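Participant: Could you put together the complete structure from these sequences and hints?
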Amino acid sequence: MGKRKNSTTTIMVMLFLLIFSLPALALTRENERRETLRINAMELKEIDIISTEKPKQITIVLDERSVHFGFNKSEVGPEFNDLLSNLKVFVEENDYVVMIVGHTDSIGSNKYNFGLSERRAESAKRRLLELGLSPERILGIEGRGEEEPIATNETAEGRAQNRRVEFILKEKDGTTITTKGI
1 MGKRKNSTTT IMVMLFLLIF SLPALALTRE NERRETLRIN AMELKEIDII STEKPKQITI
61 VLDERSVHFG FNKSEVGPEF NDLLSNLKVF VEENDYVVMI VGHTDSIGSN KYNFGLSERR
121 AESAKRRLLE LGLSPERILG IEGRGEEEPI ATNETAEGRA QNRRVEFILK EKDGTTITTK
181 GI
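Note that UniProt numbering numbers the sequence shown so that position 113 is 113, with each residue one more than the last.
Treat the hints with caution; some may be incorrect.
[Stated by the list, open to error] The list that follows gives simulated cross-link-like pairs (lysine-lysine, BS3-like), each with its CA atoms no further than 27 Å apart: (1) Lys88 with Lys172; (2) Lys88 with Lys73; (3) Lys73 with Lys111.
[To be verified] FRET-style restraints, in silico, Cβ to Cβ: (4) Gly140 with Glu92: 16 to 22 Å; (5) Ser106 with Asn86: 27 to 33 Å; (6) Ile150 with Glu130: 26 to 32 Å.
In case anyone wonders, no lab produced these hints; they're calculated from the structure. No experiment lies behind these values; they were computed from the predicted model shown. Positions of the beta carbon are idealized from the N, C-alpha and C atoms, including for glycine.
Facilitator: Below, the structure written as structure tokens:
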């Protein structure tokens, strides 16, 4: 009987702590969102960052509207040089460093998709270096496979959106490099 009471008490305390910690967790998530700006690469030229309001992190997405990866393809072609040149200038002018993250749709095995997403990130990195971005500005590359879809994988259009590369830009001083997954 004593063990059951202790178990019930433990569960009640855990529920109490969980209920009262939810608002703090929501505030933390809200602060993270406030400090992160997510944009499509097509909008890059339209961004005007005021130094006092500079976000700590920006995620720039290259998707089917900007850099399209065909099914099972990983190369970023020269037709996207203008877009990536704009990204390079943006990174340099705003003193950011960049983490390059590749993604895939859900067709294929998890193992294959992780490799494909990594090859996409590597291709984007190579292209940025060819365009003159300093290697010190690149934190690294990462392949996340099909794990973080931004659209349904049930349609051809959704799968095309999921075949993308994201550039996570962070302040160069390194004090804010705390994003999950890096």
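Participant: Decide, hint by hint, whether the structure agrees.
Facilitator: Hints and how they fare:
no., hint, verdict
1, Lys88 with Lys172, "holds (14 Å)"
2, Lys88 with Lys73, "holds (23 Å)"
3, Lys73 with Lys111, "holds (16 Å)"
4, Gly140 with Glu92: 16 to 22 Å, "holds (18 Å)"
5, Ser106 with Asn86: 27 to 33 Å, "holds (30 Å)"
6, Ile150 with Glu130: 26 to 32 Å, "holds (27 Å)"
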